[in-house]
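Just so you know, the sequences run in chain order E and A. The numbers in the working numbering rise by one with no breaks, and the one at position 80 of the first sequence is 163. The numbers in the working numbering rise by one with no breaks, and the one at position 102 of the second sequence is 104.
No lab work stands behind these hints: they were computed from the structure. If you're wondering where the values come from, they're calculated on a predicted model, not measured in any experiment. A couple of the hints might just be wrong.
[Unchecked claim] Straight-line Cα separation of at most 25 Å, DSS-like style, residue types lysine-lysine; simulated pairs:
#, chain 1, residue 1, chain 2, residue 2
1, A, Lys227, E, Lys112
2, E, Lys126, A, Lys49
3, E, Lys126, A, Lys227
4, A, Lys268, E, Lys274
5, A, Lys207, E, Lys96
6, A, Lys268, A, Lys258
7, A, Lys354, A, Lys258
8, A, Lys207, A, Lys163
9, A, Lys207, E, Lys272
10, E, Lys350, A, Lys49
11, A, Lys258, E, Lys349
12, E, Lys96, A, Lys244
13, E, Lys96, A, Lys258
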Amino acid sequence: MAYDYDSSIRPGKLPHIWCPGCGHGIVMKGLIRAMDTCELDRKNTAIVSGIGCASRLPGYLDACTLHTAHGRAAAFATGVKMAKPEMDVIVCGGDGDGTAIGGNHFIHACRRNINMTYVLMNNFIYGMTGGQFSPCTPTGDKASTTPYGNPDPIFDISKLAIGAGASFVARTTAFHATQIDKLIAEGIKHKGMAVIEILDDCPTTYGRRNKFRSVVEMMERLKDMAVPVAAAAKLPAEKLEGKILTGILHQEDKPEYTAQYAEVIKKAQGA
Amino acid sequence: MAKKVALLQGNDACAQGAVYAGCTFFGGYPITPSTEVAEVLSGELPKVGGKFIQMEDEIAAMASVIGASLTGAKALTATSGPGVSLKQELIGYACIAETPCVIINVMRGGPSTGMPTGPGQSDVMQAKWGTHGDHAAIALVPASCQEIYEETIRAFNLAEKYRMPVQVLYDEIVGHMRERVEFAEPGELEVIDREAPSVSPEEYKPYDDTKGQIPPLASYGSGYKFHVTGLNKAADGFPTTKAELVDAEERRQIDKVDDNVADIEKFETYMTEDAEVIIWAYGSTSRSARYAVNDLRKEGIKAGLFRPITLWPFPEKQTAELAKQAKAIIVPELNLGQMVIEVERVAKGDCKVAAIGRVDGEPINPGQIAGKVKEVL
Ligand SMILES: Cc1ncc(C[n+]2csc(CCOP(=O)(O)OP(=O)(O)O)c2C)c(N)n1
Ligand code: SF4
Ligand SMILES: [Mg+2]
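Produce the complete structure using the sequences and hints provided.
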């Protein structure tokens, strides 16, 4: 399938604000391909984000776009979806936005299993504010607020989403560009909360401090880290040390929130 | 035909008013003394095909309300004290993104957990200045169950008309007391819906004020694709840092209220024509003030009551006129001096201004007010 990115981008909105080598642009192209694959009618598609470099993504896309406050995207999106369940709702944002300040909204959206697709760009850092550590900055790494190395343990976002009740959870990296759109498309088709975690890179605030000499090096790290779930099943535990599993990590059929609420309405109306 | 009447708690009256106004979305989080608003609406909204959602906290509740409003729904949240504090950032978001919504604040004491089951009126300045940045505010302060019903409807009307959040503040006393409430017949009270765009989706700009101070708001999912952000923005809704655009936008958002005070203001006067002393009181405190006026009149003291029903924008004109007419204005409030600061500002020394503050969880009684009047005169 040939993709026509131009028709998805709002006229006059490029160039974007992202630094050269930033992984967020790769994710945006993946999201466009996924929306095209699913033939989403952009007039009925809400793309909701919080605050951060990743959260600037919706502004470039020609759809019903909502750039909210730091961490609150999932909660705004819940309001949109509840009020108009016939809309397709996509949430996008960063690791800090989604799992620190917005962690509570994230897990509760997962718990409700509300039908939306959450594209979470995990670049291991607070990019926009200049590289402070996030709940996903690897322990020991340097950030502007961890000059002696990060003492904090990390969140495994995908595990968190599964634990919280999301019925579709997948993970890939910005290196695996063609897998991004496939997983997002699966997430869009899935009825329920779909979380697609995409590990990407922030050369400007994370790469620089952590001795990555180039974006290529950062991409190579992402490539080396990734082990597809099927392959991982055949590997001994020691081979999986420091690796992350990619692909569809979890998928199940379970009641979706707006459908459940439609039943509430029926009961209230005495049907 | 006999009117439908009921003995209703203030919070219940609020919920009934919301339904009359056409509210179809409530996002909330339980907190005393506001919880009954949510409880009633969890039953009522699905009956009319509306949605009720109990969110994970008050921030989420406010977020869900704004999200729902952008799809065209009339959306409401209700909370108290700590919950209002949590909502502040997103109240500012609703201001700058010009998203209609209604926030009910059933006031209790504070700061922090304070006295959850006691009344307070200490959030009145917060209603104006709570969120960061310059912004306009509309806040209504009903004083009876009937008035809560009607002012909730008016709050939705103002929110829709002026494209902004409107707060309704009443204290625990009014929220929890029961009074006779007369329900309006359909069509009896005005119900305003936001203006829909008259231009095509291609031409639509969500903040284009060339045809008026309040740009029409399209709904998500109605054929219009547009961008909403909390950043300063140009008419097309996209972020800008151009000084002249930011300045014009900020000022328009404040002017839309300042220029329409006559439409937004609402107050009641009681025996003020010849009054030498004015009791300037709102909410439950105004009920005691009315008794005080009657008692003082019996003693030959020319007292009168000024009762704002719209608290923000502040009733400047009326307060200034009363300050010229009277020897003194007494401001009783269940806080340690908030609206009295505004009264002093506007009175400009034309008369004495004195405060009565109470924060012990008890109401201000008529005797306390009458005593202060005699002390000041
Ligand atoms: C309430 C609030 N607190 C803090 C900030 C400052 N802030 C803006 S973006 C950001 C971090 C964004 O990090 P992430 O979500 O990982 O996105 P990235 O920039 O890395 O793509 C922070 C802390 C804010 N905008 N609002
Ligand atoms: S600071 Fe980092 S996350 Fe932000 S645009 Fe630059 S590279 Fe991307
Ligand atoms: Mg980040």
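Hint by hint, here is what the structure shows:
1. Lys227(A) / Lys112(E): Holds, because 19 Å separates the two Cα atoms, which is no more than 25 Å.
2. Lys126(E) / Lys49(A): violated (29 Å)
3. Lys126(E) / Lys227(A): Holds - the C-alpha atoms of Lys227(A) and Lys126(E) are around 6 Å apart, at most 25 Å.
4. Lys268(A) / Lys274(E): Violated. Lys268(A) to Lys274(E) sits at ~49 Å, over the 25 Å cutoff.
5. Lys207(A) / Lys96(E): holds (15 Å)
6. Lys268(A) / Lys258(A): Holds, at about 17 Å.
7. Lys354(A) / Lys258(A): violated (33 Å)
8. Lys207(A) / Lys163(A): holds (18 Å)
9. Lys207(A) / Lys272(E): With Cα atoms ~32 Å apart, Lys207(A) and Lys272(E) exceed 25 Å; violated.
10. Lys350(E) / Lys49(A): Holds, at roughly 8 Å.
11. Lys258(A) / Lys349(E): violated (41 Å)
12. Lys96(E) / Lys244(A): holds (16 Å)
13. Lys96(E) / Lys258(A): violated (30 Å)
Comparing the model with each earlier hint shows violations of hints 2, 4, 7, 9, 11 and 13; every other hint is respected.
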